[in-house]
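Peer 1: The listed protein sequences correspond, in order, to chains A and B. Under our numbering, the first residue of the first sequence carries the number 40, and numbering increases by one thereafter. Under our numbering, the first residue of the second sequence carries the number 27, and numbering increases by one thereafter.
Mixed in with the good hints, there may be bad ones.
Said to hold, decoys possible - With beta-carbon atoms standing in for the labels, derived distance ranges:
1. A:F143 with B:D167: 47 to 53 angstroms
2. B:E279 with A:W157: 53 to 59 angstroms
3. B:L51 with A:P363: 53 to 59 angstroms
4. A:L207 with B:R233: 34 to 40 angstroms
5. B:P143 with A:G206: 49 to 55 angstroms
6. B:D179 with A:Q347: 43 to 49 angstroms
7. B:A103 with A:G168: 23 to 29 angstroms
Unchecked claim - Sample of chain B residues at the chain A side, in silico, Cβ under 8 angstroms:
8. H58
9. F59
10. T85
11. F125
12. L147
13. T149
14. T201
15. P203
To be clear, the hints were calculated from the coordinates, so they are not data collected in a lab. Backbone N, C-alpha and C fix where the C-beta goes; we use that ideal spot for every residue, glycine too.
The primary structure of each chain is shown beneath.
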Amino acid sequence: MTRLLSPALLPPALLPLALLAGLALLPLGLAANPYLLNALITTGILTIGAMSLNLLLGFTGQLSLGHIAFFGIGAYVSALTSLGFDVEIGFGVRVVHEPWPAAFGFLLGVAAAGLCGWLIGRLSFRVRGAYFVIVTISFAEVVRLVALNWVELTQGPLALTGIPALGLGLPGLGSWTLRTKVQNYYLVLAVGTLCYLLIARLVGSRFGRAMRGLKENESLALSVGINATRTLTVAAVISAAMAGAAGSLYAHYLRIIDPDVFLFATTVTMVIMVVGGGKGTLMGPVVGGLVFGLLPVALRPVMAPEAQWIVYGLVLIAILFVMPRGLVPGLAGLIRPRRAAGAPPRPAGDHAGAHAGAHAGAHAGAHPGAHAGARPVEVRS
Amino acid sequence: MISSMDSPPSPILSVEHVGVRFGGLVAIADLHFDVQPGEIVSLIGPNGAGKTTAFNVMTGFLRPSQGVVRFRGTALAGLQPHEIVRLGLSRTFQRTSVFPDDSVLDNVLIGLHRRTPARLLDTLLGRDRASERRLRAEARDLLDRVGLTARADEKAGALAYGEQRLVGVALALATEPAMLLLDEPVSGMNASETRVFVGLIRAIRERGVTILLVEHDMPMVMAVSDRIAVLNYGRLIAQGPPEAIRSDPAVIEAYLGQGSAAREAAMRAAQASPAQTSPAPVSAALEASHA
Ligand SMILES: Nc1ncnc2c1ncn2[C@@H]1O[C@H](COP(=O)(O)OP(=O)(O)OP(=O)(O)O)[C@@H](O)[C@H]1O
Ligand SMILES: [Mg+2]
Chain A
40 MTRLLSPALL PPALLPLALL AGLALLPLGL AANPYLLNAL ITTGILTIGA MSLNLLLGFT
100 GQLSLGHIAF FGIGAYVSAL TSLGFDVEIG FGVRVVHEPW PAAFGFLLGV AAAGLCGWLI
160 GRLSFRVRGA YFVIVTISFA EVVRLVALNW VELTQGPLAL TGIPALGLGL PGLGSWTLRT
220 KVQNYYLVLA VGTLCYLLIA RLVGSRFGRA MRGLKENESL ALSVGINATR TLTVAAVISA
280 AMAGAAGSLY AHYLRIIDPD VFLFATTVTM VIMVVGGGKG TLMGPVVGGL VFGLLPVALR
340 PVMAPEAQWI VYGLVLIAIL FVMPRGLVPG LAGLIRPRRA AGAPPRPAGD HAGAHAGAHA
400 GAHAGAHPGA HAGARPVEVR S
Chain B
27 MISSMDSPPS PILSVEHVGV RFGGLVAIAD LHFDVQPGEI VSLIGPNGAG KTTAFNVMTG
87 FLRPSQGVVR FRGTALAGLQ PHEIVRLGLS RTFQRTSVFP DDSVLDNVLI GLHRRTPARL
147 LDTLLGRDRA SERRLRAEAR DLLDRVGLTA RADEKAGALA YGEQRLVGVA LALATEPAML
207 LLDEPVSGMN ASETRVFVGL IRAIRERGVT ILLVEHDMPM VMAVSDRIAV LNYGRLIAQG
267 PPEAIRSDPA VIEAYLGQGS AAREAAMRAA QASPAQTSPA PVSAALEASH A
């Protein structure tokens with residue numbers, strides 16, 4: 040169920056490839072429409088954030104409500120690396136950093152965000168669940184306050200400006216600075232595709248099986264030797280690093296960032312993208328990202344910004360009402376029955392449900408005097 | 027090597043004066059017994075006697091309030107469940123024995139987690155193909171052993187309850203245990219499935235795996251065990267070969283309670299046929315109490 044790309048469905052790579060081809064061709068028709076192109080770029084960046092969030096929320100079941108912190112850290116570290124800084128850190132010690140090429144900023148931004156993911160993971164995965172949610176929210180708030188108040192480093196609310204655009208350099212061939220919107224569009228598309236492939240590979244591997252095992256039945260996963268803390272921490276590092284990559288792209292595209300990149304609302308947007316598109320599926324955050332990222336574009340001509348938020352919420356509710364597991368699993372479910380008609384007989388959903396139910400019932404009846412089942416038997420101390 | 031004076035030479039598992047309290051409730055009081063390598067031992071007792079709690083202590087899911095469990099000489103105190111299974115002590119669960127949303131084959135693949143050195147970097151570079159192929163072959167082997175080959179591609183959560191128990195056993199076997207703890211493995215199985223399962227238990231033992239079994243199905247317990255330990259209210263009330271347990275008054279008492287008509291019947295049956303194999307008075311008594 041969590042695997043969109045199961046063999047029972049479409050040829051696995053067809054839908055993502057078609058989408059990729061479509062997105063790659065899109066600028067040909069849009070080059071003259073900077074507004075739309077801009078919307079696509081920011082949507083793409085947020086979609087990468089949503090994909091990274093999905094790695095945690097969808098595949099391990101851990102909700103990172105401070106996910107924007109990793110995004111913002113990627114943005115600030117990347118911007119500061121490429122802008123340079125000169126700050127006093129107390130006791131008369133000054134730290135001076137000369138500007139480096141933006142590409143180094145990108146790499147350091149990714150690394151710094153990944154490191155923070157590791158710290159947060161180590162801190163909170165021993166206890167998990169609500170605790171993790173709270174730790175991530177608090178972390179995001181702390182980082183935002185630092186960005187707001189450490190004016191000497193970050194300019195505080197005045198924002199970091201003049202951030203250089205990202206450049207691509209190939210030794211011997213020269214280098215290009217990605218200044219135009221079309222160039223940035225393709226950069227975001229490339230990074231997004233890379234993240235997608237990375238997640239796809241992880242999820243289909245031994246590591247992905249460990250994540251699924253922990254999510255589906257944690258006690259059982261532990262009992263076959265899966266190390267929960269390690270698995271979840273690694274997932275958090277990769278997720279945070281990807282969010283950091285998105286943040287870096289954001290900083291070098293907009294060329295200006297202020298502490299508002301840490302706004303809680305952006306995390307909420309990413310959660311909506313993941314949940315609306317289908318958490319725990321590879322394509323879910325991509326489809327959700329495009330739908331909810333571009334919705335404001337579609338709504339802008341017809342209503343005021345405040346009203347747009349209402350419609351935004353209504354669309355999410357409508358989707359989840361019709362397709363509780365999100366757009367991608369929902370649509371896949373519509374296609375599947377037709378395809379399955381010609382396939383070898385498999386137990387249909389309702390049949391299987393009745394089956395399991397009947398046996399559970401039989402089991403309960405098998406031991407008169409058995410516990411009612413309200414008591415959790417397998418517990419961790 | 028240090029071994030305690032009063033225990034027989036090198037047991038594979040020794041439970042030493044273990045106690046577990048949940049608030050005021052004493053779930054296990056001073057449990058003390060050994061299992062020798064290659065044995066099939068059953069741990070029986072009425073509902074709530076503390077059997078699952080004992081398993082949880084042995085596998086690191088619960089910290090005992092007192093006492094210690096040793097496995098092959100290693101004290102398990104302070105070890106996490108995933109560390110204990112790496113020592114060769116594996117278990118199944120009474121309630122949920124599968125990863126419900128995955129196929130049966132994928133379930134076993136998850137269970138084979140510890141059996142491949144595949145590192146994350148290899149995965150990202152696509153260098154884990156060979157080891158993945160080997161794992162699949164091993165998973166199919168395991169499914170064959172427990173008789174689930176035909177179900178390989180079905181969603182584990184949709185299987186019949188008895189088949190889910192078998193998936194649980196395959197998962198435990200996937201860790202290559204030296205000792206296996208089975209918590210009510212035949213609940214949800216009919217008589218013929220249970221017979222097949224007894225064969226499976228024996229085959230597992232033939233491969234040198236020691237087995238500790240918790241089970242309410244008395245005929246099955248009597249048929250398969252070398253030794254039986256009986257728990258009641260967290261205390262060990264009897265221990266010995268099946269014949270002795272079958273006619274032990276304390277055991278019959280524990281299962282039936284005071285003043286029950288069924289108890290009298292069982293006592294009479296026990297006195298009338300102390301050595302008879304079937305029907306076993308305890309199981310007859312159990313059936314009577316369930317009726
Ligand atoms: N996590 C827990 N918290 C509180 N009480 C518990 C907990 N786990 C078990 N108990 C209690 O400890 C006692 C022993 O329970 P346990 O599950 O070990 O019994 P059992 O012998 O496995 O019974 P059954 O045959 O029904 O499976 C019971 O009274 C139970 O209610
Ligand atoms: Mg139990």
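Peer 1: A separate judgement is required for each hint: does it hold in the structure or not?
Peer 2: Hint check results:
Hint check: F143 of chain A to D167 of chain B, Cβ distance near 50 angstroms, so the stated range 47 to 53 angstroms holds. A beta carbon spacing of about 57 angstroms between E279 of chain B and W157 of chain A agrees with the range 53 to 59 angstroms that was offered as a hint. With their beta carbons about 39 angstroms apart, L51 of chain B and P363 of chain A fall outside the hinted range of 53 to 59 angstroms. Remark: the range hint 34 to 40 angstroms for L207 of chain A to R233 of chain B is contradicted by a beta-carbon distance near 58 angstroms.
For the pair P143 of chain B and G206 of chain A, the supplied restraint of 49 to 55 angstroms is violated, since their beta-carbon distance comes to about 40 angstroms. Range check, D179 of chain B to Q347 of chain A: about 46 angstroms between beta-carbon atoms, so the 43 to 49 angstroms window is met. A hinted range of 23 to 29 angstroms holds for the C-beta pair A103 of chain B and G168 of chain A, which are about 26 angstroms apart. Hint status for H58 of chain B: violated, given a least beta-carbon distance of 21 angstroms to chain A, over 8 angstroms.
About 21 angstroms separates the beta-carbon of F59 of chain B from the nearest beta-carbon of chain A, more than 8 angstroms, and the hint is not met. Contact between T85 of chain B and chain A, as hinted, is supported at the beta carbon level, the nearest pair being about 7 angstroms apart and thus within 8 angstroms. Hint on F125 of chain B holds. Least Cβ distance to chain A is approximately 4 angstroms, under the 8 angstroms limit. At a threshold of 8 angstroms, the smallest CB-CB gap from L147 of chain B to chain A is about 11 angstroms, leaving the interface hint violated.
Among the interface hints, the one on T149 of chain B holds; its C-beta lies about 4 angstroms from the nearest C-beta in chain A, closer than the 8 angstroms criterion. Against a cut-off of 8 angstroms between C-beta atoms, the interface hint on T201 of chain B holds, since the closest Cβ of chain A lies about 6 angstroms away. For P203 of chain B, the shortest C-beta to C-beta distance to chain A is roughly 10 angstroms, which exceeds 8 angstroms, and the interface hint is violated.
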